[in-house]
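Colleague: Quick note, the sequences are listed as chains Y, F and Z, same order.
Here the numbering used here is used: the first residue of the first sequence is 1, the next is one more, and so on.
Here the numbering used here is used: the first residue of the second sequence is 1, the next is one more, and so on.
Here the numbering used here is used: the first residue of the third sequence is 1, the next is one more, and so on.
One should not assume that every hint holds.
[Said to hold, decoys possible] Residues on chain Y that point at chain Z, a partial pick, calculated with CB under 8 Å:
| hint | residue |
| --- | --- |
| 1 | VAL22 |
| 2 | VAL54 |
| 3 | SER59 |
| 4 | ALA63 |
| 5 | SER66 |
| 6 | THR70 |
| 7 | ASP199 |
None of these hints come from the bench; they were simulated from the model.
Don't be surprised by glycine CBs; every beta carbon is placed ideally from N, CA and C.
Listed here are the chains, written in short residue letters.
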Amino acid sequence: MKMVMTGNYASAYGAKVCRAEVISAYPITPQTSIVEKIATLCSSGEMKAKFVKVESEHSAMAALISASMTGARTYTATSSHGLLLMHELLIWAAGARTPVVMSNVCRANGPPWSVWADHHDAIAQRDTGWMQVFCEGNQEVLDSIIMAYKLGEREDIRLPSIINEDAFILSHTVEPVDVPEMEDVDSFLPPFNPRFRLDVNEPYGFGSLVMPDMYMEFRYKINEAMEAARQGWRDVEKDFERHFGRSHGGLVEFYKCEGADAILIMAGSIASTAKDVVDDLRAKGKKVGLARIRVFRPFPVEEIRKLAGMANTMGMCDHSYTFGHWGPMGQEVRGALYDMNDRPLLMNYIVGLGGKDMTPGVIEKIYLKTLALKGGLDHDIEWIGVKGHGGW
Amino acid sequence: MTREQLKGVYKTYQDLPLTPITSVNSSANQTGFWKTFKPVLDSSKCIKCAICWKFCPDVAVRMKEDVFPEFDLRHCKGCGICANECPKQAITMVMEGDVE
Amino acid sequence: MAKFTIPTEEYMNPGHVGCLGCGGCHAMRYTLKALGPKTIISIPACCWAVMPGVFPYKCLEVPLINTAFEVTGASISGIKAALEAKGIDDVTVAGFAGDGGTADIGIQALSGMAERGTDAIYIMYDNEAYMNTGIQRSSSTPVGAWTTTTPVGNTKDWKKQPKKNMMDIMVAHKIPYAATCSVGFPEDMIKKLRKAQGIRGPKFIQIYAPCPTGWRMQPEKTIEVCRLAVSTAAYPLYEVENGVYTISRKPSELKPIKDYMAIQGRFRHLPQEEVDAIQKTVNWEWKRLLRLEEFTKGLVEG
Numbered sequence: 001m002k003m004v005m006t007g008n009y010a011s012a013y014g015a016k017v018c019r020a021e022v023i024s025a026y027p028i029t030p031q032t033s034i035v036e037k038i039a040t041l042c043s044s045g046e047m048k049a050k051f052v053k054v055e056s057e058h059s060a061m062a063a064l065i066s067a068s069m070t071g072a073r074t075y076t077a078t079s080s081h082g083l084l085l086m087h088e089l090l091i092w093a094a095g096a097r098t099p100v101v102m103s104n105v106c107r108a109n110g111p112p113w114s115v116w117a118d119h120h121d122a123i124a125q126r127d128t129g130w131m132q133v134f135c136e137g138n139q140e141v142l143d144s145i146i147m148a149y150k151l152g153e154r155e156d157i158r159l160p161s162i163i164n165e166d167a168f169i170l171s172h173t174v175e176p177v178d179v180p181e182m183e184d185v186d187s188f189l190p191p192f193n194p195r196f197r198l199d200v201n202e203p204y205g206f207g208s209l210v211m212p213d214m215y216m217e218f219r220y221k222i223n224e225a226m227e228a229a230r231q232g233w234r235d236v237e238k239d240f241e242r243h244f245g246r247s248h249g250g251l252v253e254f255y256k257c258e259g260a261d262a263i264l265i266m267a268g269s270i271a272s273t274a275k276d277v278v279d280d281l282r283a284k285g286k287k288v289g290l291a292r293i294r295v296f297r298p299f300p301v302e303e304i305r306k307l308a309g310m311a312n313t314m315g316m317c318d319h320s321y322t323f324g325h326w327g328p329m330g331q332e333v334r335g336a337l338y339d340m341n342d343r344p345l346l347m348n349y350i351v352g353l354g355g356k357d358m359t360p361g362v363i364e365k366i367y368l369k370t371l372a373l374k375g376g377l378d379h380d381i382e383w384i385g386v387k388g389h390g391g392w
Numbered sequence: 001m002t003r004e005q006l007k008g009v010y011k012t013y014q015d016l017p018l019t020p021i022t023s024v025n026s027s028a029n030q031t032g033f034w035k036t037f038k039p040v041l042d043s044s045k046c047i048k049c050a051i052c053w054k055f056c057p058d059v060a061v062r063m064k065e066d067v068f069p070e071f072d073l074r075h076c077k078g079c080g081i082c083a084n085e086c087p088k089q090a091i092t093m094v095m096e097g098d099v100e
Numbered sequence: 001m002a003k004f005t006i007p008t009e010e011y012m013n014p015g016h017v018g019c020l021g022c023g024g025c026h027a028m029r030y031t032l033k034a035l036g037p038k039t040i041i042s043i044p045a046c047c048w049a050v051m052p053g054v055f056p057y058k059c060l061e062v063p064l065i066n067t068a069f070e071v072t073g074a075s076i077s078g079i080k081a082a083l084e085a086k087g088i089d090d091v092t093v094a095g096f097a098g099d100g101g102t103a104d105i106g107i108q109a110l111s112g113m114a115e116r117g118t119d120a121i122y123i124m125y126d127n128e129a130y131m132n133t134g135i136q137r138s139s140s141t142p143v144g145a146w147t148t149t150t151p152v153g154n155t156k157d158w159k160k161q162p163k164k165n166m167m168d169i170m171v172a173h174k175i176p177y178a179a180t181c182s183v184g185f186p187e188d189m190i191k192k193l194r195k196a197q198g199i200r201g202p203k204f205i206q207i208y209a210p211c212p213t214g215w216r217m218q219p220e221k222t223i224e225v226c227r228l229a230v231s232t233a234a235y236p237l238y239e240v241e242n243g244v245y246t247i248s249r250k251p252s253e254l255k256p257i258k259d260y261m262a263i264q265g266r267f268r269h270l271p272q273e274e275v276d277a278i279q280k281t282v283n284w285e286w287k288r289l290l291r292l293e294e295f296t297k298g299l300v301e302g
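If we strip away everything but chain Y, and leave its shape as in the complex, we get (with noise of 0.2 Å):
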């Protein structure tokens, strides 16, 4: 059923038509208007799940682990500071092969304070074992809710996904998004049935001490799941696509990427506002093109590879920051295209901290400062728009 509503709302249609079982969450800015949607079609009746009102997200966390040992589909929300509480736990659901799915609303972290768009809040779970979604729009992100359910919950796979939204550019804002039935759901997404699980007819233990000659096997087999995570992105779009006629364009969507002198690499809405950029500057004759990260983790190496024959100079424009050394997808992108005979030319761009707004302006001045660079860069990463520096 066409709806409108911001993606939020979206999140919480999500988790009711897959038919999440047990939800615990606890109110976060700008997470709450999920909170407060379940809530209400809880407390309606209209979604049948078990709303567990805990006192901290880290205690979400815990009950929803639980819940999915138990043989319950779990679902979750969450940002920023939320999220990072929840950390210990996150590395936990993976370990314990939870197919948890969590929204989590992209905002920065503080000090200081800010409630505003950040990628910092999910790049800080990469290593986590969590399967990463980027959304672009409230479709995406309603949709995305229902893949990661049917991707995770295979037995081969188990693991859990976050799916990312950012903060009020999709949380607050209301957009056409269509609800699928749930009797459609139902048919592509059957109930979540783990051949293990707590059951009092074949008692078991999990999650027991394990020692050194064992504990790395166990983490290959995690990793073997996340591997075999990647073609099933691109499988569970497909049957997607079948089922509900609408994709979202794979591991890494590409924009106009043909024949481009530059492409710019970005996740989340600032890609939307970016194409329409690429719009207006192909008509100005600028050869551009935009790709943008969907699937985070597994990371999409063979995309990136396949742009990187696409142009000669790219730009990873990163919505977040790991202090060290360059940004963190800027790091994956590059080692992704280490082992390339002609790689690109690399800038690593850092924008929008703390929702720092990236205007059609400011990405156009991206793109002809990407078109504009030459061989033996001097440095492979830059800040911008941060005042005082680099000239902004």
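Keeping the supplied structure of chain Y fixed, place chains F and Z upon it in accordance with the hints.
Modeller: Below, chains F and Z alone, put in the same frame as chain Y:
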């Protein structure tokens, strides 16, 4: 199964469950080799009250109604609670000799 | 004549790696005898996380989930919600955590579970320190005790802060049932656990579980020290049902606290004036408990 036998079952990572799921009865782990002292029963004093069975932390006292208790020396760690609690002092803790 | 005063079915296998004389082993053994096979247990980081042994050994014949340290309260809420979502209502959900994982790092999750009324039993087995990590002090360590982080000798740094009263905290949450019990009194413990099992809502059971290793005590004295704890009122056994106190064991005359301390090496260093001060506190707490029983019973009748 002993740990040596288990190594034969879990040879590669593919033999493992997807997360550590424990399913082998821990009684395969024979903790009896921990003990320095072992309990010895004087059946002439024993009144079969089952207090030793009740207070054994290692489930190492086997007992049925009206039968003398039996000590499972493969699991008994020699803590001495049974001897300390026996109302008739029918159990003595004796230094274990060579490993059985 | 064998008189089995507690159920004979075993749901705990031998071969666990608990210390000699471990009171925590008794706690688990009697808990499972009380609750039966239709129980799901959630265990955080504590001695019991390690005691079943290494993968793939299974010590308990009930389903068991190991969780992170501070989450037991949240974990049992999650398991209960999942069972309700599946329409399963005849399974008991129990958290089984140590005193550190309950009174310190786990108190938030426990408070949350009690406040939102989760229908589950939270069991704290109290060995009065962080034993699994090597005998460090917790808020449940009694005054005067030696631990590795409250060193004695010249520094005289034994634990000075009073033992955190988890029962008072849980009663303040207005839960339907809270009780202390002891592994030295298994019949009483099993009765209380079964009573808790039959009540809907959050229940809190605190088990006195001596640790010979951490208390510097001979392992065969584990059950004997339980009796001393009750006869000296160092650890009274009582229950609070809907705010009404009932003391389970009332010694006609309290033995002196020094008798309780004599059997444990962790109090050996205490000078006489400290023992006297502790005796005063024990007497006060005991009197308070007696008055609470009188007062709350009076409220019901009056």
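Colleague: Confirm or reject each hint.
Modeller: These are the hints, each one checked on the structure:
Among the interface hints, the one on VAL22 of chain Y holds; its C-beta lies about 5 Å from the nearest C-beta in chain Z, closer than the 8 Å criterion. Taking 8 Å as the C-beta cut-off, the interface hint given for VAL54 of chain Y holds, the closest approach to chain Z being about 6 Å. A distance limit of 8 Å between C-beta atoms decides the matter here; for SER59 of chain Y the minimum to chain Z is near 3 Å, and the interface restraint holds. With a cut of 8 Å, the hint placing ALA63 of chain Y at the interface with chain Z holds, because the nearest CB-to-CB distance is about 3 Å.
With a least beta-carbon distance of about 4 Å to chain Z, the hint placing SER66 of chain Y at the interface is held under the 8 Å criterion. The interface hint given for THR70 of chain Y is met, as the beta carbon of that residue sits about 4 Å from the closest beta carbon of chain Z, less than 8 Å. With 8 Å as the threshold, the beta carbon of ASP199 of chain Y comes within range of chain Z, its nearest partner Cβ sitting at about 6 Å, so the hint holds.
Comparing the model with each earlier hint shows no violations; every hint is respected.
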